[in-house]
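Colleague: Knowing the structure of chain F, use the given hints to seat chain H on it.
Taken in order, these protein sequences are the chains called F and H.
Mapping of the first sequence onto UniProt numbering: position 110 corresponds to residue 110, and the numbering continues sequentially without gaps.
Mapping of the second sequence onto UniProt numbering: position 57 corresponds to residue 57, and the numbering continues sequentially without gaps.
Hints in this document: simulated from the structure, not taken from any laboratory.
Where hints are given, some of them may not hold.
Said to hold, decoys possible - Capping the alpha-carbon separation at 30 Å, the derived lysine-lysine pairs in DSSO-like fashion look like this: (1) F:556 with H:447; (2) H:447 with H:556; (3) F:447 with H:54; (4) H:447 with H:291; (5) F:447 with F:291; (6) H:556 with F:54; (7) F:447 with F:556; (8) H:556 with F:556.
Number of protein chains: 2
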Amino acid sequence: MSEYLIAREELEFLLWDWLDLAEDCGDAIDRESADAILDLSARLAASAFLPHYKTADRIEPYQNESGVLALPEIGAALREYAALGLFSASFPPELRGLGLPSLLANASFAQFLAANVSTAAYVMLTTANARLLAAFGNPAQIEQFALPQIEGRWFGTMCLSEPQAGSNLGDVATRAVADGEDALGERYRLTGNKMWISGGDHDLSENIVHLVLAKVAAPGAPPAEGTRGLSLFVVPKILPSGERNDVAVAGLNHKMGYRGTTNCLLNLGEGEGAIGWIVGPPGQGLPQMFKMMNEARIGVALGAAALGYRGYRHALVYARERTQGRPFGAGGGPSQAIIGHPDVRDMLLAAKCYAEGALALVLYCAKLVDRAEEDVEAEALLGLLTPIAKTWASEYGLAANDIAIQVHGGYGYTRDFDVEQLWRDNRLNTIHEGTTGIQALDLVGRKLRDGAALALLRGRIAQTAIAAAALPTLAGHALVLDAWWQRIADAVETLRDAGPGGMAANATALLRAFGHGVVGWQWLDRALLSVDAPEDAFRSGKLWACRYFFERELPKIDAWLRPIAAGSDIGAAVPAEFL
Amino acid sequence: MSEYLIAREELEFLLWDWLDLAEDCGDAIDRESADAILDLSARLAASAFLPHYKTADRIEPYQNESGVLALPEIGAALREYAALGLFSASFPPELRGLGLPSLLANASFAQFLAANVSTAAYVMLTTANARLLAAFGNPAQIEQFALPQIEGRWFGTMCLSEPQAGSNLGDVATRAVADGEDALGERYRLTGNKMWISGGDHDLSENIVHLVLAKVAAPGAPPAEGTRGLSLFVVPKILPSGERNDVAVAGLNHKMGYRGTTNCLLNLGEGEGAIGWIVGPPGQGLPQMFKMMNEARIGVALGAAALGYRGYRHALVYARERTQGRPFGAGGGPSQAIIGHPDVRDMLLAAKCYAEGALALVLYCAKLVDRAEEDVEAEALLGLLTPIAKTWASEYGLAANDIAIQVHGGYGYTRDFDVEQLWRDNRLNTIHEGTTGIQALDLVGRKLRDGAALALLRGRIAQTAIAAAALPTLAGHALVLDAWWQRIADAVETLRDAGPGGMAANATALLRAFGHGVVGWQWLDRALLSVDAPEDAFRSGKLWACRYFFERELPKIDAWLRPIAAGSDIGAAVPAEFL
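The shape of chain F in the complex, shown without the other chains (with noise of 0.2 Å):
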């Protein structure tokens, strides 16, 4: 187990004290089981993830006339993930699974994460595709398909980009056309291509199985216009006749990191057609991508909020080894740790708010997960939270990244230590499965439309709010984190009254205004769990940090709502000539 991996008292302050494990266990999984699963993930983290995170970064997979091939130590980590069924953690018994809460599942999950996101990557597509198929898929397709998946013997991807159509799906100009039926479904010939697609070619499992957004089109006739026709296809590279089918890779893109997980622009049908069978009715693609959605962002948001928490214990081992510099104002005496620095304890409080913040918050929406199955509240509050999540975690995972470079001085950007690699590999997060500016709109535009969910989420801080109220140490906080919700509230009902270019102007704003808020209601929320154990270094360390994010990271709140209360909408107004 690594000092720089989730430290284990965080992950069980997180699930049993803060977010109430047990609820979402049921009596399916007892606590020394749960604390088996966080033990196992923790080792095996560490002994087949971690070691190769380097390795992975510097020597980038390869295309040969066979394939893309990748590094073998990163196939091998994955055959012991699935050999120990981590692959079915969050699966039903009835697909095989083991399970697991999604809560505890992505507890778990965080630490591969952790350890080497790029080869944990391949299990988080490899899930979500899985999932999707067991969801929409018919019997055979899961038997034939997801299975395989949830064994880990087969990887799966998610085929919806395309070089023209990214943000945009409205834009996918893959075709199918219709091929007969058999006991998979209806099959289909599917022809186009695919950009950016994690894992869409590797030598690392068995088979792949491609799920393709593409569209049904008469033979010679025109896909439709728009998402109306786009639906879902189960696109395996190997047939289950044994031939390969026909999808080629036409390129490898080289990214600046999560460089182990290979990632492709595929050719669909550069021969008779890729061989696929449509996953449930016609027409359904994008509300059965928009059903995982949720899902996916929170996949990318943990691997975020994983990537930052460990730049930020990267940068607190060094900060306490490394001597650098005497105290502020004194004349000499012996060199200090440089943890010693109040500049330096400053950085490091930011970061633990943005780590452990980033973690608690994704955790919180694993936790929404699992209750939205039976609790219309909590699925309308995981749309709500969702968007925030993805981008909070990526952005400030990526400043506690940033951080733990700034920590390490000069050191930090050099390729001896981890951090600047951390720092790369986040740097995607707040691009993949949606950027930013697109969860600004998805908020704004769709998440706050009605007031409901936003109603149920206020409902949530004022009782966090009114429990500080009545302690001395966090009454003020109380007062603070009400009378920012009252701005966002306010800013929220300005924007819905600006009309279109304002609001697209603002919505990255209040975005970010809505994260920062979150983020300081659950450091609240978590404080209160803190003030009865002033000798507990761990829960002392909760009471800092939410008095750092009080004090230095709330008030930025106002710099993104100042503008929309006054009205500004300068990205709608200002002339594209002018730039």
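Modeller: Chain H alone, transformed into the frame defined by chain F:
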């Protein structure tokens, strides 16, 4: 000339309209000659520096038994640069220099930094070295070591840091033992390890001139503690006799950016001791270095600004070309260039404020360098603004590079585009030549210790505000600027009385507030030049950028100052064991 380098219109606006380059040039250089220098710089940067930008990142320097080998294109570009006499640009004619004012020389050099920061870094190191020798060396040393650098035949280094002595040079342990005297002055034998030596070894120039900070010591005796004994020595790689000096490369640092600039751990004196000649009197090493520090820091700031500027240009070109999505709220229609999205324009405005604001701030300082010789006010302002320029340009240049990635979406994090490399390159700049934390202590502990320099600055700000107050479109900004500066000045007063802990815990926050205040002032100052040109796209762009900075950037100051006003010292107060 590349569309990604610094626009000629930008430089002309800053140099002639805003900073009155004519004053710096005096009778020595007319506008035509200055224009010719700028033309030449833009052409050479595009033809010789830009083409190997990515190659030098991919093919790193390596070491064999002959020493460190760098990419040949770097040497070829620098030979062209030398052939045009540009190494000598800012040196006076008596040192065989072109005698350009610092302002013009920096504007010229900015193009090379924008085109290829790691190739240009050799120039920066070499001219800084030669300038130090010219200031403090004896005539024989200048003849022997400075002139070949001014000609660009030999390159130079600055050997300050050691593995255990980075920010704190008092811990330097390299020893210099007297070894007689010769025509070059008092000769010493040096023994020690020097870390982070940019350009420390390579095969790009005929010789390498190291300027080494070391402590004079009697044979066998320990060197003095602290900074008192520090002296400066000139230590060539190849001695005037043609023999190799006792300077060995112990290792190369592999960095995430500036990869074309070799960066070495040097061992001095593995044998009998490296031969070096003392520069100036003993014990003057630190004051000598500090005399050059303003310039070195402005050099780093210029590189950071140039990188940010180039990132902005890349984003702008991409946003005009890439089509994706429809206007928010529109049902359909053709896909639009992404610059049509208000969120993208908002990002571009921010990047414009950062990149152009940083470049302007650094050139403002270069102007102060020109004035400082004869104008004590300029000298005081230069001292005050140097930590601001270093920090603001490196933090917000990086922010501009971050935005450039975001505007490119997924393409931004691939190595097919330049923006990810610009971001990696720029990440070094908040660390080398003094971290942000060091700049903050310099500002608070030294530059603001008496109020004289701040009073001068506020006088200049008041001039701008008075002029703006007379114009209906800018009068509001004038009031806002004045209000923020009142608060910044209050925070300076508060910190002066805060004691070492409170001061150290808040110095960085004050530095950031101060930086935004300075850049806001300068945006308003440039807006004054633009109000009369509503049809001019370039000038209108300045007005929009100024408005953006006042609407969306200046409010951030509050979050930095509020904790200071509240007496927060959380970075000093938090016990290290709670982190």
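Colleague: Hint numbers the structure violates, sorted upward?
Modeller: 3, 6
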